[in-house]
Amino acid sequence: MDVLFDIPILGLLLQFLSYLVQVIVSGHITPIILGLATPIALGALCGVLNERSGVVNIGIEGMMLFSAYVAFMVALFVHQAFPAEPSPLFGVTPALVLGVIAAIAAGVLISLLHAWLSISVRADQIISGTIINITALGLTSYLNRLIKPFDSAGTFQSFRPPAGLVNLPGIGWLFEMFTAVGPIAMSVIVLVLITQIMLFRSRWGLRTRAVGEHPKAADTVGINVIRLRYRNVLIGGMFAGLAGAYLTLEATGSFQNNMTAGRGFIALAAMIFGRWAPVGAFAGALLFMGSQAIGVAIRLAPPSGNLGTFLAGIQQAYPSIYNNFFTGLPYLLTIIVLAGVVGRSIAPAADGQPYEKESAT
Amino acid sequence: MMARLRSYAGFMVVPALSILLALLVASVLIIASGLIGEEKRLNLLLPLVAYRSLLVGAFGSFKGIANMIVAATPLMLTGLAVGVGLKAGLFNIGATGQVLLGGFAAALIGTQVAGAPIWIALPVAMLGGMLAGALAGFIPGFLKAFTGAHEVVTTIMLNALVQLTVSGLVNDVFRAPGFSFARTAPVGNAELTGVGNTTLHLGVLFALVCIPISYWLLWRTTVGFEIRAVGSNPTAARYAGMNPRRMIIFTMSLCGAFAGLGGAVEILRLGYYPAVFGTSIGFDGITVALLGRSNPVGILLAALLLGAMRAGAPLMQIQARVPVEIIDVIQGVILIFLAAEVVVRQIFRLRSAGTGTGELQTITRSYGEKVVG
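So the sequence lines, in the order shown, correspond to chains A and B. Start counting the first sequence at 1; every next residue gets the next number (our numbering). Start counting the second sequence at 1; every next residue gets the next number (our numbering).
Source of the hints: derived by calculation from the structure; they are not laboratory data. Among the hints, a few may not be true.
What the hints assert, rightly or not - Residues of chain B placed beyond 12 Å of chain A at every Cβ, according to the derived structure: (1) Gly-37; (2) Tyr-51; (3) Ile-118; (4) Leu-143; (5) Asn-159; (6) Ala-176; (7) Pro-177; (8) Thr-199; (9) Thr-235; (10) Arg-269; (11) Ala-275; (12) Arg-321; (13) Leu-350.
Said to hold, decoys possible - If the Cβ cut is set under 7 Å, some of the chain B residues that face chain A in the computed set are: (14) Trp-119; (15) Thr-147; (16) Asp-328; (17) Gly-332; (18) Val-342.
As the list claims (entries may be wrong) - Computed list of lysine to any residue pairs in SDA-like fashion (alpha-carbon distance at most 25 Å, straight line): (19) A:Lys-148 x B:Gln-317; (20) B:Lys-63 x B:Pro-314; (21) B:Lys-40 x A:Val-108; (22) B:Lys-40 x A:Tyr-355.
Every value quoted in this text rests on a predicted model; they were computed, and no experiment measured them. From the three backbone atoms N, C-alpha and C, an ideal C-beta is built for every residue, glycine too.
Chain A extracted, bound-state conformation:
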């Protein structure tokens, strides 16, 4: 091995790959990857539900941001009015639970605006989504400036899986990924699987796909296109709301202006990467955000050998570029993947087209 590692450039690459495998299998990095991927995966589920029924949703970003704010403020309010001891499991308090519920309700509320604009008013759907992003950013920044909360309701805590499970040789890292996380991150895999099964195995799923591919035909056989689209956009809003709650109540415990930082758009790319299927979108989310986790891994357990010296040298000389490189990797991967897959993955045929029922003449 060491002989291979000494080859210039290629050796560094080989060392990096072996380091990656080693870090994923034994570096306790997998729960961090799932955590980073959680809002992306939930946002992508929102996108899947919308676009499978023919509604383009660019406003996931704004929906997440608005719900994140609502979650934070509701939890804070309840926390100050009724302080409670966190429960040993997940650190659950009534404040946090109500915050999550409020976030989901906020997601539904704001997606109602998108549904109304794009389904009933038949405005351009991308413009409608952009409006939601601009309005959510403005409204949350305005309220955040006005109220200036200094306190916090805290966050959900990660589950502590038994050491025996995590240290199982070969597969321990996989158990760790899905158990050593908080409740919202843990729920993601369940939600992804349920949505996947419902979308491809249930009557609702068949109708959704029919409406997204050929709304006129679906209408002819008695499916209410408008009502189904409304319902799917609103359910999608619940997912976006949960993603927002994750950001403030599980990941950070605070709210910052524009804290979504493009996650809603990475979610869209993950959806396209996954060919508009929940499981594929989840894989995309893990891929995109896994790249960001590499930076965390290197900080926690720096690689040895000349790879370690190489990285340490760059970090020494260009600390800011070094950090920004890892922060920016998901954005870069998103562009590359989007450019590489779009031609080959086909969007639902009626995606983005408002439906107008023809009047009987």
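Fit chain B to the supplied structure of chain A, relying on the hints for placement.
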């Protein structure tokens, strides 16, 4: 002449009513700000106080008017950056990234030519900013044309990437010694200094010239005709022998050039590029373009309106204690009413004029599709 005037009036009536409705909606939030803000009392007149100080801040003095024009200048350019794209059926929400790259390039070139005479230093730095912006627009244009990656996602990703790259470079490579924070060296003679004792600067002229140029380009040249043809119906444009791919790349680069110039104006006015540079002019460009109906004259008017709000907001925050962020909320609500044009027409019982928003429809139509070249 009268008929033409009337058609212009018809064109502007829905934007004007949307602004009115948005101000009404925002007054609810302003009243709420009185309730939960520092004063904690119900003051139904607070919106009037706030809007009055907004007007006074923007129009109440010669200095205010100068500030308004200076605030509107980059908005004209970013408004064109979004609006010209809309004409081609492209939604350029990456003006932010193009602004940052343009401003950064202008600052770097500015430091190089800092000692040159102003009539050399300034145009060279501006041109550099324009070219860098064009590059930032070229990338999503190329990706859209040849891979089908939609510009709405790629431009947002580029916004983040440009911001991270540029701030990294300022921190680690181009940081000027002797300042308490990370910034580039001064641009010297390339700086856009105020004329007389106002804030008005030469950049205003650059922006004002771009308005008639883009009007001429869109309606008086073959390229402009092709841009509009691709925007209203790409398939028909292709059958008519035009090349949609080439038009997409050209238009996105042009949009980027406008935004890059806007960034150059902002940075050269400041005189250096700070590592932490947050600006709203990129996103304000979206509002300006949609409010101005992607028409250069409309964009000029919308930029002045938004510039007035931006210039007047600080006084409003001082006098009425309404946070300046209310401007962002007002923008969003204006856009909601603009999008729901049908509803606005119902509220005011207006006849439908069938105004040309056809190019907007192609934005979503092209989503997730490959461009056939």
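Just want to verify: B:Thr-235 was marked as not at the interface with chain A; is every Cβ pair farther apart than 12 Å? Since the minimum Cβ distance to chain A is about 15 Å, B:Thr-235 lies beyond 12 Å and the statement holds.
Minimum Cβ-Cβ distance from B:Arg-321 to chain A exceeds 12 Å: violated, 9 Å
Grab the minimum beta-carbon distance between B:Pro-177 and chain A and tell me whether it stays above 12 Å. Holds, because the least Cβ-Cβ distance between B:Pro-177 and chain A comes to about 16 Å, which exceeds 12 Å.
No chain A beta carbon within 12 Å of B:Leu-143's: violated, 5 Å
Decide if the proposed pair is consistent with the structure: A:Lys-148 and B:Gln-317, CA atoms, cutoff 25 Å inclusive. With a Cα-Cα distance of about 15 Å, the restraint between A:Lys-148 and B:Gln-317 holds, given a limit of 25 Å.
Holds or violated: B:Lys-40 and A:Tyr-355, Cα atoms, limit 25 Å. The given pair, whose Cα atoms are some 47 Å apart, is violated under the 25 Å limit.
Status of B:Ile-118, Cβ more than 12 Å from any chain A Cβ: Correct as stated: the minimum Cβ-Cβ distance to chain A is 33 Å, above 12 Å.
May I ask you to check that B:Arg-269 keeps its beta-carbon over 12 Å from the closest beta-carbon of chain A? holds, 24 Å
Should the label of B:Ala-275 as a non-interface residue stand, given a Cβ cut-off of 12 Å to chain A? violated, 8 Å
Closest C-beta approach of B:Val-342 to chain A relative to 7 Å, hint status: Result: holds, 6 Å to nearest chain A Cβ.
Does B:Thr-147 meet its interface restraint, that is, does its C-beta lie within less than 7 Å of any C-beta in chain A? Holds, because the Cβ-Cβ distance from B:Thr-147 to chain A comes to roughly 4 Å (cut-off 7 Å).
Beyond 12 Å from every chain A Cβ: check whether that's true for B:Tyr-51. holds, 16 Å
Comparing the model with each numbered hint stated earlier shows that hints 1, 4, 5, 11, 12, 14, 21 and 22 do not hold.
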